[in-house]
Amino acid sequence: MAKNTIIPFGPQHPVLPEPIQLRLVLDEERVVSAIPVVGYVHRGLEKLAEQKDFLQDTYLIERICGICSFIHSLTYSMGIESMMGLTPPPRAQYLRVIWSELHRMHSHLLATGLLADSFGFENLFMQLWRTREHIMDAMEATTGARVLLGTCCIGGVRKDVSEELLKSVLQTLVTVEKELDEHMPVLLNDYSVKQRLCGVGILDKQVAYERGAVGPTARASGIAMDLRTQGYAAYGELDVEPMVETDGDCYARTKVRVRELYQSLNIIRQAIGKIPSGSINVPFKTKPDGEVISRAEQPRGEVLYYLKGNGTDMLERLRVRTPTFANIPPVLAMLAGCELADVGVIVISIDPCISCTER
Amino acid sequence: MFTIIGNVFKNLRSKYATRLYPYEVRTPFAGARGKLEIDPDICIYCGICAKRCPANAIAVTRKPDKTWTLDPYRCIVCSYCVEVCPKKCLHMNPKHRSQE
Ligand code: SF4
Ligand code: SF4
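Protein chains in written order, with the working numbering: chain A, 1 to 359; chain B, 1 to 100.
In short, the hints are calculated from the structure, not lab data.
Each residue gets a CB set at the ideal place from its N, CA and C atoms; glycine is no exception.
Keep in mind that the hints are not guaranteed to be accurate.
Simulated restraints on C-beta separations [as the list claims (entries may be wrong)]:
{"#": "1", "chain 1": "B", "residue 1": "G31", "chain 2": "A", "residue 2": "L332", "range": "43 to 49 Å"}
{"#": "2", "chain 1": "A", "residue 1": "Y40", "chain 2": "B", "residue 2": "N56", "range": "24 to 30 Å"}
{"#": "3", "chain 1": "B", "residue 1": "C46", "chain 2": "A", "residue 2": "L332", "range": "51 to 57 Å"}
With the rest of the complex left out, here is chain B (with noise of 0.2 Å):
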C-alpha cells in the first residue's frame, strides 16, 4: 500500500505525462507512416498504384483527364503503393492528418 503511496508523491512532483493536444503536437518520428503524398509531376498515371492498394482507396484517370485521387478516409498508411510505384512519385509524410 506504501509503495504505491510514494509512487503517488512522485507524480504529483513530476512533469505531466501527456500533451495538451492539439495545442502541444509531439515531433513525429523520422519515418513514421503520417499521411500519403503525391509528387504530380512525375507520376505517370499508369493506375499501378491503384490496383495494388488494399484499400482501394486510389482512383486514377487516364480519360478524359488525367487524375490521380486518393480517398483519405479509406486509406490504412500501409504504404504499400509507395513501394509498387515504378516513378517513386509517392512517398510518406511522417505528419499525420489532422483536422485543418
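In isolation and in its complexed conformation, chain A is listed as follows (with noise of 0.2 Å):
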C-alpha cells in the first residue's frame, strides 16, 4: 500500500480569499480525508461585546462579517428586541427585508465570482463583481455605507429611504437582473464549467442532514431548509420559497445561489412594491433581561445568536454560531475521495468565511 502524505493547503492559498488550513491527506492525487486548523484570525469578539453596552454592540457585531454585515446587526437586533418585548414598526420591517437582499445579492455574486476564479475563468470572474458593484452602489446610496450599513438599529432601523430613492433601487436591479441575463447562462450551461462543477464534491442528502449542513450547501443536496420562510422581519408578508437542487454537487450549490439571485430581485420588487409608510423605530427604556436564541437566514446559512442579559446595559454572554463554522464538518465529507485539483473548487463552492466563524 502506497504511503500517505499530508500537504497543507492554506491559510495563504491562490482561492481561498480567508484564512484556514486544511491538511489534506492524500493518496496520490487523491484526497483520503482533511483535517481543518482554524484560529488564523481570531479576534475576540464576543469578549468584547460582553465589555461594550447593548447599543454600541450593534455596530461592533456588524463588525463580524465584512458580507453579511447587515445580517449580523439584524440577528442581534431581534434578539435584543424579542428580550424587551419590543416589535420593530411596518416599515423599518421591510427595509430590513430590502437590506438584508441587497446583502444576500452582493454575497452570492462575490461567491460565484470568487469561484469562476477557482476554476481559472477570471473573465467570468470580472462580470460578475461588475454586476456586484451596482448592488454595492444602491446601498451605499440608501445606506451611506457599501458594506458595514450601519443602519440597523434596536427597535427599528437608523435610516428611512425615501421613495426616489427607493425607486432608483429598482432601476438598479433593472439593470443588475440585465446583466444576470447575460452571465448566468455562461456560468450554468458553459462546457468547461460544467466539467469542473458537476459530479465534484457530492454531498448526499442524508450526509448532509447528519453533519449540519445549512444554507446554499444543505438546500442543495436537497434539504428544503430556509429561515426566511419562518417570516422573520417581514419576510411573513413575502412570497419566498427555499431554492431547493437534489444533486449536492458543485454545481447544485452554484445553481442554488444564482436562482436566490434572481429570488432576492422578486423579494426586493415585492418588498418595494408593498412597504408601508410610518415610523422607522420605536423608542425603548429596558435593558435586556433574560436569554434568547435569535436565528436568520444569511446568505451563507443560518445564523444563530444566543445573547444573555441580566436587566443591565452589558450583555452577561454573547455566543454566535455563524453558518461556515456549519458548513465546515459537510465540506470535510465532501473532500473525502476528491481529487487534489478540485480541493480549491470544492471548498469555494460552500462560500466560506472564516473571519465570521472565528469572531
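The two chains are supplied separately, each in an independent frame; assemble them into the complex guided by the hints.
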C-alpha cells in the first residue's frame, strides 16, 4: 500500500479568500481525508461585546463579517428586541428585508465570482464583480455605506429611505437583472465550467443532514431549509420559497445561488411594492434581561445568536454560531475521495467565510 | 463558449468599468458616511460622544483645556456620536478620508 502524504492547503492559498488551513491526507492525487486547522483570525469579538453596552454592540456585531454584516446586526437586534418585548414598526421590517436581500445578492455575486476565479475563469469573475458594484452603489445610496451599513438598530432601523431612492433601487435591479441574464447562462451552461463543477464534491442528503449543513450547501443537497420561510422581519408577508436542488455537487450549489439571486431580485421588488409608510423605530427605556436565541438566514446559511442579558447595559454572554462553522463538517465529507485539483473549487463552493467563523 | 466571446468583444468596445483613482474620484452619494467632522464653536465638551462611541475613538477633556480629539484610525464611521450629541455639532462629511 502506498504511503499517505499530508500536504497543507492554506492558510494562504490563491483560491482561498480567507485563512483556513486544510491538511490534506493524500493517496497519490486523491484526497483521503482533510483535517481543518482554524484560529488564524480570531479577534475575540464575543468577549469584547461583553465589555460594551448593548447599543454599542450593534455596531461591533456588524463587524463580525465583512459581507453579510447587515444580517448580523439584524439577528442581534431581533434577539435584543425579543428580550425587551419590542416590535419594530412595519416600515422598518420592510427596510430590513430590502437591505438583507441586497446583502444576499452582493454576497452571492461575490461567491459565484470567486468560484469562477477558482477554476480559472477570470473573465466571468470580473463580470460578476462588476455587476456586484451596482448593488454596492445601491447600498451606499440608501444607507451611506457600502458594506457596513450601520442602519440596523434596536427597535427598528436608523435611516429612512425616500421614495426616489427606492425607485433608484428598482432601476438598479433592472440593470442587474439584465447583466445576470447575460452572465448566468455562461456560468450554468458552459462546457468547461460544467466539467469542473458537475459531479464534483457531492454531498449526500443524508450526510448533509447528519453533519448539520446549512444554507445553499444544504439546499443543494435537497434539504428544503430556509429560515426566511419562518417569516422574521417582513418575510412573512412576502413570497419566499426555498431554492432546492438535489444533486448535491458544486454545480448544484452554484445553481442554488444563481436561483437565489433571481429570488432576491423578486423579493426586493415585492418589498418595495408593499412597503408601508410610517415610523422607522420604536423608542424604549428597558434593558435586556433574560436569555434568547435569535436566528436568521444569511447568504451562507443560518446564523444563530445566543444572548444573555442581566438587566444592565452590558450583556452577560453573547455567542455567535456562523453558517460557515456549520458547513465545515460537510465540506470535510465532500473532500474525502476527491482529486487534489478539485479541492479549491469544493472549498469555495460552500462560500466559506472564515473571519466570521472565528469572530 | 460563444456567449462569453460575444461578451469579450462587447468589453473591448465599451467604456472602462473602473476609474483611474486617485486622479479621478467619484462624487460621493448624498448622505454617505465619509468622515466625521465637528463644529467646535457649538460643542459644549460634555463628553457624551466619547462615552457612547463604540470604538473609543473620541477623547474629550474639560480641564485644564477644553479639547475634543478624534482618532481617525479608530473611528469606524458609524455615526452613532452624531446621533447622540445633544448640541448636534457633529456631522458626517460624505467625502471619505484620503491621503492628504
Ligand atoms: S456630544 Fe457633542 S457637544 Fe458633547 S462633547 Fe461630543 S461633540 Fe461636543
Ligand atoms: S463615527 Fe462612530 S466610531 Fe467614529 S467617532 Fe463617532 S461614534 Fe465613534
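**Asked** Cβ-Cβ distance between G31 (chain B) and L332 (chain A): within 43 to 49 Å?
**Response** Taking Cβ atoms as reference, G31 (chain B) and L332 (chain A) lie about 45 Å apart, which means the hint holds.
**Prompt:** When you take the CB atoms of Y40 (chain A) and N56 (chain B), is the distance between them in 24 to 30 Å?
**Reply:** 26 Å, holds
**Request:** Given the range 51 to 57 Å, decide if the beta-carbon distance of C46 (chain B) to L332 (chain A) lies inside it.
**Result:** Given a distance of about 54 Å, which is inside 51 to 57 Å, the answer is holds.
Checked against the numbered hints given earlier, this structure breaks none of them.
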